[in-house]
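Trainee: Listed below are the residues making up each chain.
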Amino acid sequence: MTTPTLPRDGLQELLAAVDGQRMTATVAALAGESFAGRRTGSAGGAAARAWLGRRLAELGAEVRFDGFTAHSVPETYAAPEVCWHDETEAHGLRFGRQVLPHMASAEQPLVRQGALAVAGDGDPSGRWLVVPQQMSLFEACGHGDGALGLLIRRAPDDDGWHYTMLAGSAPGPVPVLTIDPATHEALRRAAEDRQGWLAGNVPIRRLDVPAANVHARWRPPGILLTAHYDGVGDLPGLRQPSASDNATGVAVVLEAARILAPVLPGFAVTLLDAEEVGALGSAHDARQLRTGGVTPQVINVDGVGVLHDAVSVEAGGPAHALLAALDQAGRHTGVPLKAGPVASDNRRYAAAGFASIGIGAGMAGYHSPADAPDRVQTGAFTTVTQLVVATVWLAAGKLSSLIGD
Amino acid sequence: MNGQQTGGFAGDPADALAVAGTGGCCGNPPSSTLQLPQAASSPCCGTSTDAAAASSCCGNAAKSEAVTSGQGCCG
Numbered sequence: 061m062t063t064p065t066l067p068r069d070g071l072q073e074l075l076a077a078v079d080g081q082r083m084t085a086t087v088a089a090l091a092g093e094s095f096a097g098r099r100t101g102s103a104g105g106a107a108a109r110a111w112l113g114r115r116l117a118e119l120g121a122e123v124r125f126d127g128f129t130a131h132s133v134p135e136t137y138a139a140p141e142v143c144w145h146d147e148t149e150a151h152g153l154r155f156g157r158q159v160l161p162h163m164a165s166a167e168q169p170l171v172r173q174g175a176l177a178v179a180g181d182g183d184p185s186g187r188w189l190v191v192p193q194q195m196s197l198f199e200a201c202g203h204g205d206g207a208l209g210l211l212i213r214r215a216p217d218d219d220g221w222h223y224t225m226l227a228g229s230a231p232g233p234v235p236v237l238t239i240d241p242a243t244h245e246a247l248r249r250a251a252e253d254r255q256g257w258l259a260g261n262v263p264i265r266r267l268d269v270p271a272a273n274v275h276a277r278w279r280p281p282g283i284l285l286t287a288h289y290d291g292v293g294d295l296p297g298l299r300q301p302s303a304s305d306n307a308t309g310v311a312v313v314l315e316a317a318r319i320l321a322p323v324l325p326g327f328a329v330t331l332l333d334a335e336e337v338g339a340l341g342s343a344h345d346a347r348q349l350r351t352g353g354v355t356p357q358v359i360n361v362d363g364v365g366v367l368h369d370a371v372s373v374e375a376g377g378p379a380h381a382l383l384a385a386l387d388q389a390g391r392h393t394g395v396p397l398k399a400g401p402v403a404s405d406n407r408r409y410a411a412a413g414f415a416s417i418g419i420g421a422g423m424a425g426y427h428s429p430a431d432a433p434d435r436v437q438t439g440a441f442t443t444v445t446q447l448v449v450a451t452v453w454l455a456a457g458k459l460s461s462l463i464g465d
Numbered sequence: 015m016n017g018q019q020t021g022g023f024a025g026d027p028a029d030a031l032a033v034a035g036t037g038g039c040c041g042n043p044p045s046s047t048l049q050l051p052q053a054a055s056s057p058c059c060g061t062s063t064d065a066a067a068a069s070s071c072c073g074n075a076a077k078s079e080a081v082t083s084g085q086g087c088c089g
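Going line by line, the protein sequences match chains A and B. Each number in the numbering used here corresponds to the 1-based position in the first sequence with 60 added. Each number in the numbering used here corresponds to the 1-based position in the second sequence with 14 added.
Misleading hints may appear alongside valid ones.
Some chain A residues close to chain B (C-beta under 8 Å, calculated; not the full set) [to be verified]:
hint, residue
1, ALA375
2, GLY390
3, ARG391
4, ALA399
Distance ranges between label pairs, derived from CB positions [to be verified]:
hint, chain 1, residue 1, chain 2, residue 2, range
5, B, ALA32, A, PRO325, 50 to 60 Å
6, B, ALA24, A, GLU93, 38 to 48 Å
7, A, ARG172, B, ALA28, 50 to 60 Å
8, A, GLY439, B, GLY25, 46 to 56 Å
9, A, GLY326, B, ASP26, 27 to 37 Å
10, B, ALA28, A, ARG82, 33 to 43 Å
11, B, ALA24, A, GLY152, 44 to 54 Å
12, B, ALA28, A, ASP183, 35 to 45 Å
13, A, GLN255, B, ALA32, 36 to 46 Å
14, A, GLY152, B, GLY25, 33 to 43 Å
15, B, ASP26, A, GLU252, 53 to 63 Å
Computed far set for chain A versus chain B, every beta-carbon distance over 10 Å [as the list claims (entries may be wrong)]:
hint, residue
16, GLY127
17, GLU374
18, ALA384
Quick caveat, the hints were computed from the structure, so don't treat them as lab data. Yeah, the Cβ is synthetic: ideal placement off N, Cα and C, and Gly gets one too.
Work out the full structure: start from the sequences and follow the hints.
Mentor: In structure tokens:
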């Protein structure tokens, strides 16, 4: 693939208009307490959606919400109460630091006490089973008939937090707790010595919840900018602001829209719901676009709170022309780019056959209380915004005629 | 990070079309019918078959690696 030299008239003015302070304020607002981490189907998520709709309307867009149902979304509705006894003293486990309900867990609201045992070693009935590190959850479930629950080892992040996952395994038949490595090792030793007991509950459930994408259209879309606004949501007593993931991406899209909407012939924005539960919002939107016979070029932004050596780019579908515009934009703005995975909504659009590019940079914390506004770098999302503005400008302007595809 | 010589792709931009995992897990191969996945029956973002075929993201090791690298897995 070769990259053409492109006219840049007018672009510098647009790039100079990118306002990092405005985006910082957007990130702070979306990560604030009133939106409670923006989990799909939550009151905070709905409030964030309404707020974003107002922001887009202020930019002169025709705004509408497109609802759908997100099925079986996991919700930890209380902090688990977990302690264990080594026959000398009791040890309470700290929620979020040492213990977290596993998303594949069955619900167990009541605290159940039982002896410790190693999964696969002896009678599991009435016991909490310590799952050896090399044993898969699937295999452990096979040993768990009649057990009170499974105890899975999981290393916390650099800040000492367990991370929250909402997309993944379907709930199994047994309660499951994730345990930090040091505690897990102590539990394993006690279980092997046939000593000690654990008392705990697993207050997690699955809900079918209302979700909605936010559409903003200025003119029929040639370029569609997307970012997901949902987060993993606060846990009981624990804020999870979801700042990098993905208040930053939303801030980029809003700022790019503010700058580009007045000057582009075809432009639209969709802020997506339910990405954290399996990219359901983009799957829904891609299907709607296909049904409607609309074929925009999609640029999706996810996780741009920190910028390291280069911006990651993943493309799919017939995206050669869009990639060429992105490359040219990178050269013009001085932003290094690298091919790398961006596991986000861009994949849904690509799978539906649209030209689709995912842009990501980095995150200071991942799905944990550490993903807070004070950890994001204004320079990171300002840089990405300039990249996006330049890309859209070039792609919408002269590129198709120069590339010839 | 200023200066035009440092920006853009160091290699072929088309490499971004061949990122490992693009066709699996969070996405599905292009098809004429696009179904909204059901989270309850999907081990990751695609169907069970997709996940098995992709052999990525949905395994614990792959997921941990994805998280550690900062790329996440399906969000």
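Trainee: Range hint 38 to 48 Å: satisfied by the CB atoms of B:ALA24 and A:GLU93?
Mentor: 42 Å, holds
Trainee: Can you tell me whether the CB distance of B:ALA32 to A:PRO325 sits inside 50 to 60 Å?
Mentor: 32 Å, violated
Trainee: Tell me if the beta carbons of A:GLY439 and B:GLY25 are separated by a distance inside 46 to 56 Å.
Mentor: Given range 46 to 56 Å: violated, Cβ gap about 25 Å.
Trainee: Measuring from beta carbon to beta carbon, are A:GLY326 and B:ASP26 in 27 to 37 Å?
Mentor: This hint holds: roughly 28 Å between Cβ atoms.
Trainee: Is it true that the C-beta distance of A:ARG172 to B:ALA28 lies inside 50 to 60 Å, as the hint says?
Mentor: Because 56 Å falls inside the window, the suggested range holds.
Trainee: Quick one: are B:ASP26 and A:GLU252 within 53 to 63 Å, going by C-beta?
Mentor: Distance hint for B:ASP26, A:GLU252 holds at roughly 54 Å.
Trainee: Does A:GLY127 clear chain B by more than 10 Å, comparing its Cβ with all Cβ atoms of that chain?
Mentor: Holds: least Cβ distance 13 Å, greater than 10 Å.
Trainee: Okay, A:GLY152 versus B:GLY25 on CB: inside 33 to 43 Å?
Mentor: 53 Å, violated
Trainee: Could you check the hint for me, namely that B:ALA24 and A:GLY152 are 44 to 54 Å apart, CB to CB?
Mentor: 51 Å, holds
Trainee: Taking 10 Å as the cut and beta carbons as the points, is A:ALA384 off the interface with chain B?
Mentor: 6 Å, violated
Trainee: At a threshold of 8 Å, is the proposed contact between A:ARG391 and chain B supported by beta-carbon distances?
Mentor: At 4 Å from the nearest chain B Cβ, A:ARG391 passes the 8 Å test, so the hint holds.
Trainee: Are all beta-carbon distances from A:GLU374 to chain B longer than 10 Å?
Mentor: 5 Å, violated
The earlier numbered hints that this structure contradicts are 5, 8, 12, 13, 14, 17 and 18.
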